[in-house]
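**Student:** So you can see what is in the structure, the chains are spelled out below.
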Amino acid sequence: MNKPNKPFEKKTNGLKRERASSDALFFGKRSFSGPFSGRELAGYAVDRLLLAVILGSVCLFVLYPLLCIAFRSFNGKDGTFTLANYGETWAQYGTSLWNSIFVGVLSAFFCTIFSVSAALVVSTRRGWMKLLCMGILLVTMVSPPFVASLAYIQLYGRRGWITHGLLGLSWNPYNKWGVILMQSVSFVPMNALFLNGILAKIDGDSIKAARDLGASPASILRDIVLPQMKPGILVCLLLSFIRSLADYGTPVIIGGRFSTIASDIYYQLTGYANLEKASVLNMFLLLPSIGAFFLYRRLLRQSDALVQSSRGKQEQLQLRLGKCGLLGGLIGLASGLFFVMMILQYACIFSTGFIKVSKTGNRFTLQYLRQLLKTDLNTMGRSVLYALIVSLVGTLFAMIFSYYMERRKVPLRQGFDCLVTLPYMLPGTCFGIGYILAFNHPPLKLTGTALIVLANMLFKQLPTCTKICSATLKQVPLAQERAVHDLGGGQMAVLRDVILPGLRPAFLSCFSYNFSSSMTTAGAILFLIDPARKLAVFKLFDAVYTGDYAVASLIATLIILIVLAVEALVYWITGKAAKPRVS
Amino acid sequence: MSKRVLSALLAAAMLLSMAACNKEEKAPETENQTPAENTTTEKPAESEGKEEKPEISGTMKAIATSENYVTLFDKFTAETGVKVELLSMSSGDVLSKLRAEGGTPSADLWFGGGIDAFMSAKEDDLLEPVTFEAASEIDPQFRDPDGCWYSKGLTIVGFLLNDKLMEELNLEQPATWEDLTDPSYQGEIIMSNPAISGTNYAAVNSLLQAKGEEAGWEFFNALNENIAYYAKRGSDPKNKVIADEFAIGITYLDDTITALKEDYDVTIVYPEDGIPWIPDGVACFKNAENVEAAKYFIEWLFSNDENLQLLAEIDQKTSIKLIKPSLEGVELDYSPDILMELDLSKFGSMRESILAQFETLMGDKAVNE
Amino acid sequence: MYLELQHLSKNFEGKTVVKDLSLSLAEGELLCILGSSGCGKTTTLNMIGGFLRPSSGKILLDGQDITAMPPERRPVTTVFQSYGLFPHMTVLQNVMYGLKFQKMKRTQAREKAMHYLELVNLSEYANAGIYEISGGQQQRVALARALVVEPRLCLLDEPFCNLDAALRVKMREGLKEIQRKLNMTMVFVTHDQEEALNLADKIAIMEQGVLTQYDSPMNIYRRPANDFVREFLNLDELVWSDEGALLKVIKK
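Chains as they are written, first to last, in this note's numbering: chain A, 36 to 618; chain B, 3 to 371; chain C, 5 to 256.
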């Protein structure tokens, strides 16, 4: 099993050499053709300028705020440099770090089991079951903050509809197992869709060949399907681990006395207003996250190599899970559990807004809906506007960024790639505080503007988008780029005529991700929001905070519906735009 | 063809975003224009007849504990022409945000929240002193001597009981704080983390003051055994009790809690051995963009009884009568004698040490779990 | 006869893709199913391989009715057009994979797999990854993998269509040699008339789901059933030796 790894590395090295020589070729050629024309010079200038803007904004909006946090962590009482914060915080929150890692590992483990199972069910089923499961994944991709945890309490709490109402249990749901369970299921939709993409690329003929050679469905699953998913599975494990580390909402609402670093950060900020300790805790969190990131990059490369090597036709995965023995049974069970939990959870969220609790029993009501409609819905409009801006600009930014990272020899390429990923690993509240620290003084006074909110959303979501774009860009043949150069086009022509059109498939994914994240992100912008520019998610936060669960559920429902509608619209538009090319 | 659609889309996106940014960024600038220019144009007709008033204009950004105050701010807008943008945030978040902003606050007025946070903010020099004539009518213990904060009411603390659960678990009604340490209540009491909830901080601070440090901490250690967990939001104890999750919640008491009786089987207990309380603050941020409007708002609020009546109505509590005894039209619905004797100045000074000690208390159990 | 197809038909959503196809093949013979794309040749192959159930008709192999037998139990293997190699395994692991289900010991299986890799001239690549070797080599791995389990019948679905012309000629000579050596019965699907005429003992020409002619290459050359066959095979361009072997194709 070790052997195959080596060739991958060889191959990527080979690719790098190719890339290098292509640049050399290009520059060599140009010098032959004599002095530059004005147009060439302009193209060159635009290219450099674009690169400078891209890298500059990454430095400004990612590196600088993070440095501000790092700086703050060494800040003594009277503004002097000190290491005392570290010692103090470690003594106080050392156990939280282990808690974080414990929860992270278990959440990642269970989440991956759920994700693999769900992905296998979606890719092997046909007909209405497939549609239903896919639909559930798409809806649950949109996950407004907090309400999922509230639904958990409502369903599985001490007086939960399921645990108490149905099973007659009265148990304490406020502990680490609740956190692990909720994190495990809430990270699944994205992972499952990612794995589904990998499964779709498995060569259908290799499955047929295995059957042909006498392999039972169980053997096919074990020997052919799962091994080909392996790099993807590991990516899931790592991403879930990182997300679990950064997630503060779940432990805050259902952790009870159990706390993780992320929830301690939230505490330090909202309870003690101790920025120094919060900064130190962030530094603690960065260590395991960065470690996980470098592992992730290695694994992703392997995954790409596996996928790229398969040249077969990509078709529906022909495998009957029901006949896969014990393993198939477990997969069926896990996915069944997941889908049922999701249906219950979202049904609970949707219905809470329409149920009036009273002494005489619960009844249907439109009272809360009317109450919500009476308050200003401008926030919803503003949310949509901001989300659209972030989605479009952020997607374009990610496309161009990934082009420079993947195809051009940019100095410190690895460093920038890692840098851009950092916001993904920190709790949103921390990235928000970083922004306030960084941008509260002239000449960089951005606090209180829309720009700071937009930039924060954009750069918080950039890591995922650049990953999507980079993966897609790998499918765009280098030859197309060379052809443009060959025919006399410059870098701008490459970007316009090869890279951006080639990234079209990534557009929809990035846009959807950006849009739904922008509509639902709360942590990052909690501290950045300006009274004049409230967002819908803030109203949601407020409703949760004051205990207006019905209103919170309604806002969450509204957000989910809007996100789905906008995504469907964009899907339709891009589908229309893509059609002429196909026919 | 398709290529063109894509690039057009992207171009549109760029333009849109730039336009939006410009618009949003410019907005504050126009608001900052000299007051003289704006008051005339923005002042609604109805307020023209009003007498002396400082020249205020533009938009006032307020951070409040709830969006319910919008009617009060609407009244302010109607009378002064100053638009109000309201954002609700807990006082801990406000303090963090203020500290991170390093003296360049993105709001003007701070409306509501435990007085301890206001005291901390004053210590960090983040509040702007405000003085006005009617301030003399406010009970001195409910205003900062320098005018950095004023109190807009009192939050009082008591118990909310879930009758169904009490019966089911065969529990007796607790009448005093001391009762809560009875082992029969184990795992059935919920309170909020005092670091986050001003109400619960008030309970801790008040009881420590009343019982003395040593006896006080002994009490909280015993209480800790019965507390299921410390919720991270101030409204949680109330929410969890009405959701039948816990039998007893330590919560703020006001008319909204009383109103719960209509829909839920709950009992409100005013502890016999004293009711902790905490003033609710209002203040103006130092270096705020529209500091004049915020200052005037505080003056406007306390100078006119009508405004305070409206406030009492929104807050669903009558404690404003204690703040401004001369106030007409609001009658206190409980006797002030039931409130504990407190030295308010200790709310700020003891905060850090109390919370630090409380954290080890809360943490102990986490390890045992 | 060794392989018998009796009145095979296949409908997809009301469309008849293969219509009443019958033919028989002796052991050790190589049958080419020839036709343009969409004529139903791959569907026929999939029915023989067990990946599709015929709508009606029967398939007999060595006297046994295998029509309803699933591919994993059918003693038939396939070399797929895109090879269907397992990308996460080495060349040797790919070839050994099928032996696992014959309950063969690992050492023995390894030996046997190496023997078949020698047969296709790939023993030195045994430990290479699939993506390290060329397309022609991948094709031979797929062939070795299909043959190592000693199937009673081996099916090949346009196995050479991804290869360049020169390599194709070399590969088909190699295939013929191995087929003779093992006396393996094979069914080969192609749209390349030259390939068919060169390799096949029997040729089945299909047109729109119907078997137009089924005979030896020489007989088809001598007596094409209709104009379609004549034109499809470009019979006028072929030069034959007296023994019935194709000598060359004259491009006009």
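Hints listed in this document are in silico derivations from the structure and should not be mistaken for laboratory results. Beta carbons are placed, not taken as given, at the ideal position from N, Cα and C, and that holds for glycine. One or more of the hints may lead you astray.
[Unchecked claim] In the BS3-like style, the derived pairs of lysine-lysine whose C-alpha atoms are separated by at most 30 angstroms in a straight line are: (1) B/LYS85 x A/LYS409; (2) A/LYS480 x A/LYS509; (3) B/LYS263 x A/LYS112; (4) B/LYS263 x A/LYS480; (5) A/LYS394 x B/LYS263; (6) B/LYS85 x A/LYS112.
[Unchecked claim] Derived coverage of chain A by chain B (criterion: at least 3 residues anywhere in the stretch with Cβ under 8 angstroms from a Cβ of chain B; other residues may be distant): (7) 288-301; (8) 372-385.
**Student:** So, for every hint listed, does it hold in this structure?
**Tutor:** Now the hints, each set against the structure:
no.: 1; hint: B/LYS85 x A/LYS409; verdict: holds, 19 angstroms
no.: 2; hint: A/LYS480 x A/LYS509; verdict: violated, 39 angstroms
no.: 3; hint: B/LYS263 x A/LYS112; verdict: violated, 48 angstroms
no.: 4; hint: B/LYS263 x A/LYS480; verdict: violated, 49 angstroms
no.: 5; hint: A/LYS394 x B/LYS263; verdict: holds, 9 angstroms
no.: 6; hint: B/LYS85 x A/LYS112; verdict: violated, 39 angstroms
no.: 7; hint: 288-301; verdict: holds (count 7)
no.: 8; hint: 372-385; verdict: violated (count 0)
The structure is inconsistent with the numbered hints 2, 3, 4, 6, 8, although it conforms to all the rest.
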